[in-house]
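Chains as they are written, first to last, in my numbering: chain A, 1 to 253; chain B, 254 to 474; chain C, 475 to 682.
No lab work stands behind these hints: they were computed from the structure.
Think of the CB as a built atom: it goes at the ideal place given N, C-alpha and C, for glycine as much as any other residue.
Worth double-checking, as some hints may not be accurate.
Claimed, not checked - Restricting the straight-line Cα-Cα distance to at most 35 Å, the calculated cross-link-like pairs of lysine-lysine (DSBU-like) are:
(1) B:Lys-297 - A:Lys-181
(2) C:Lys-644 - C:Lys-487
(3) B:Lys-322 - A:Lys-181
What the hints assert, rightly or not - Under 8 Å between C-beta atoms, here's a sample of chain A residues computed to sit facing chain C:
(4) Ile-240
(5) Thr-242
(6) Arg-245
What the hints assert, rightly or not - Listed next, with one range per pair, are the computed distances between beta-carbon atoms:
(7) B:Leu-372 - A:Thr-241: 40 to 46 Å
(8) B:Trp-258 - A:Arg-249: 16 to 22 Å
(9) A:Gly-19 - B:Leu-269: 54 to 60 Å
(10) C:His-665 - B:Asp-330: 22 to 28 Å
(11) A:Gly-127 - B:Trp-258: 49 to 55 Å
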Amino acid sequence: MTIDTTPKMTWWNRLSHPGQFVALTRPLVLPLALLTGVLFAVGLWYGLFSSPPEKYMGDTVRIMYVHVPTAWLSQFVYATMAVSALGTLVWRHPMADVSMKAAAPLGAAFTAMALFTGSLWGRPTWGTFWEWDGRMTSTLVLLFIYLGIVALWRAFDDQLRAARVVAVFTLVGAVNIPIIKFSVDWWSTLHQPASVFRADGPTMPGEILTPLFVMFFAFTFLFITLQLAAMHTEVRRRRITTLERRAARGDAR
Amino acid sequence: MNGFWSVLSREIRLSLRGGGEILTLVLFFVIVGAVVPFAVGPDKALLARIAPGIVWIAAFLAMLLGLEKLFGPDRADGTLALYRLADIPLSAVVAAKVIAHWLTAALPLILASPVLALLLAMDATSFWRTVLSLLLGTPALAGFGAIGAAVTVATRRGGLLAPILIAPLSVPVLIFGVGAIAPTGGPDQAQAAILLLAALSLMVVVLSPFAAALAIDWGED
Amino acid sequence: MTEGQVHSPLCLKTFALGVGRGETMLARDIALSVSAGHGLMLRGPNGAGKSTLLLTLAGLLSPLEGSIVLEGHDEDFGPAFHHCGHRNAIRPRLTAVETLEFWRGINGNPALPVAEALERVGLRRLARLDAAYLSAGQQRRLALARLLVSARPVWLLDEPTSALDAEGQKLLAGLIEDHLAAGGIAVIASHDAIALDNLAVFTLETGA
């Protein structure tokens, strides 16, 4: 019994050609956007109107429906970037660069949002906008890393060269992030224990968990939609740059 | 191995003849440490308490200053191309440079740290702890510095970018470095911080030449 | 590899080579073949890709398409290419001797001793002088001495005559001649004429 790998190869090859990639994934953007919109509508309705206020935190608990998904995305986007970086370095997959570049500002935005909502939430619950607690601090460091990567992308003229250098730095960052997280946790004394997934089961009531999960998927799909759209934009931007250079060289090919 | 020593001795020679580069760096280190009392007031108890942090910040900033010299001039004058065609791997060249960077940018600071200890009213115990933690932690800063310098060497505006990139990565070095001096959680925690610092330095020094060499090779290609 | 193969004829070949920077192709379909003891002059207008071709041959840039083969070279004897570019890689604060010794250290395969190499390029009396005090032509001579202190079979020279006086150009021709006579290969990009008989010429066209 032999397994035919040919279709998989062609699928892979088709994805690795920027034009083909755009052609293949363009039809996905609109349905994904619609799905994201529906999830947001349902999640926000549940979160804002249909779920009860929490026992101790009251209505402020609703910030969590934005805070937790963005905090999750801040790490998920970095994982996406790290996998793309591997794709650039190991397989030299042309779309991996594009995915890496598209993800960096999105990751920075979600991380900033997580910090912003975290500090809004911190004010009524801890009595301060900013607390040097382990999680907020490591999220802040993560934001700095994202912004550094965005700056590094911009510092290069040649995007193909930039891709491989940024990939090296992204992976260095990926190795370091757990160390940073560990060191910051070690350093801080005040931090909340993880409360969504615990060994003894969720401690939150279902009325809060349902909108949380819906919002969690809404934000994840928002990321996927934006990532695809940003990748398409980047492919087009590169094509324009190439055409401009050719035109500047007086070369009509 | 021959090539490794050639790179190391050239780097050290260049720094020693650099028209007082090392002296400038040491002065920067001492001055950064010495201006803090003007900002926070001459309260000796307070100074003694924050002294480890000040010394570490001063060392951190001083080491960032020297980064531009790591690969920038070599790229400008074409030596980097020769390194890529050399008979020794680029990672060995980078390793030699990391060691040279530590010898010329970190060791002088550690030797000058008694001055800061005196100015900041440190007692003998915390001074020796500071020396130990700087000895253990600065190699990691040199290694991260090499990565930062390597990923920015092919860019035009590398100067300020490298510190921005590596400052977040260096957070654990600062945490464990200061933790090793001023234990908030007792001597056990200080012991743990020293061990973690040593482990971190070891890992960064071993891995950074490969990462930096990769970044240089692909950035120039 | 047996010892006999060390002296087997060298041959530098390219197959449908395309060179350029980034995505921009400067020259394509380059088919070169240079065998041991022969030199090749690269000609072509500015921007035709001469320097890029030399960098690609050296392995400092990757080919955009096609391939480069060096037949008859044993990898155990270290890298095969000397690349001498526009930049001399000379630091002002090191003396000529220190600079050469450094190059010899990183390039391996020691050939001529440092003092002899300096003698050969006419810098013996300036050996202990800081490179900062060398003129542009003298710095170029020092850079050429790098080719002598480490043995490598293929020399890739990018505008080697720049800043050299008439005597220096004669010296350069002599160096290349000796290298070729010893069974080496040289690829030279230059707008000047180099006084050597057996140089083939390859012309790169703009926008090819």
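Query - Given pair status - Lys-181 of chain A, Lys-297 of chain B, alpha carbons within 35 Å - result: 33 Å, holds
**Report entry** Restraint satisfaction for Arg-245 of chain A [CB to CB of chain C, less than 8 Å]
**Finding:** Interface hint status for Arg-245 of chain A: holds (6 Å vs cutoff 8 Å).
**Report entry** Restraint check for Lys-644 of chain C with Lys-487 of chain C, where alpha carbons must lie at most 35 Å apart
**Finding:** 28 Å, holds
Requested in this report: Starting from the hint 16 to 22 Å, judge whether the C-beta atoms of Trp-258 of chain B and Arg-249 of chain A obey it.
Outcome: 46 Å, violated
Query raised in the report: That 49 to 55 Å hint for Gly-127 of chain A and Trp-258 of chain B (C-beta), does it hold up?
Result: 60 Å, violated
**Report entry** Cβ separation of Gly-19 of chain A and Leu-269 of chain B, checked against the hinted range 54 to 60 Å
**Finding:** 56 Å, holds
Requested in this report: Let me know if the C-beta of Ile-240 of chain A comes in closer than 8 Å to any C-beta of chain C, holds or violated.
Outcome: Hint on Ile-240 of chain A: violated, closest Cβ of chain C at ~13 Å, above 8 Å.
Query raised in the report: Should the hint that Thr-242 of chain A touches chain C count as held when the rule is a Cβ pair under 8 Å?
Result: Given a least distance of 6 Å, the restraint on Thr-242 of chain A holds.
Query - Beta-carbon spacing of Leu-372 of chain B to Thr-241 of chain A - inside the hinted bounds 40 to 46 Å or not - result: Cβ of Leu-372 of chain B to Cβ of Thr-241 of chain A: about 54 Å, so the range 40 to 46 Å is violated.
Report task. Indicate whether the distance between the beta carbons of His-665 of chain C and Asp-330 of chain B respects the range 22 to 28 Å. Result -> 23 Å, holds
Report task. Take a quick look at whether Lys-322 of chain B and Lys-181 of chain A sit within 35 Å of each other, Cα to Cα. Result -> Distance ~31 Å between Lys-322 of chain B and Lys-181 of chain A Cα, so the pair holds.
Checked against the numbered hints above, the structure breaks hints 4, 7, 8 and 11 and satisfies the rest.
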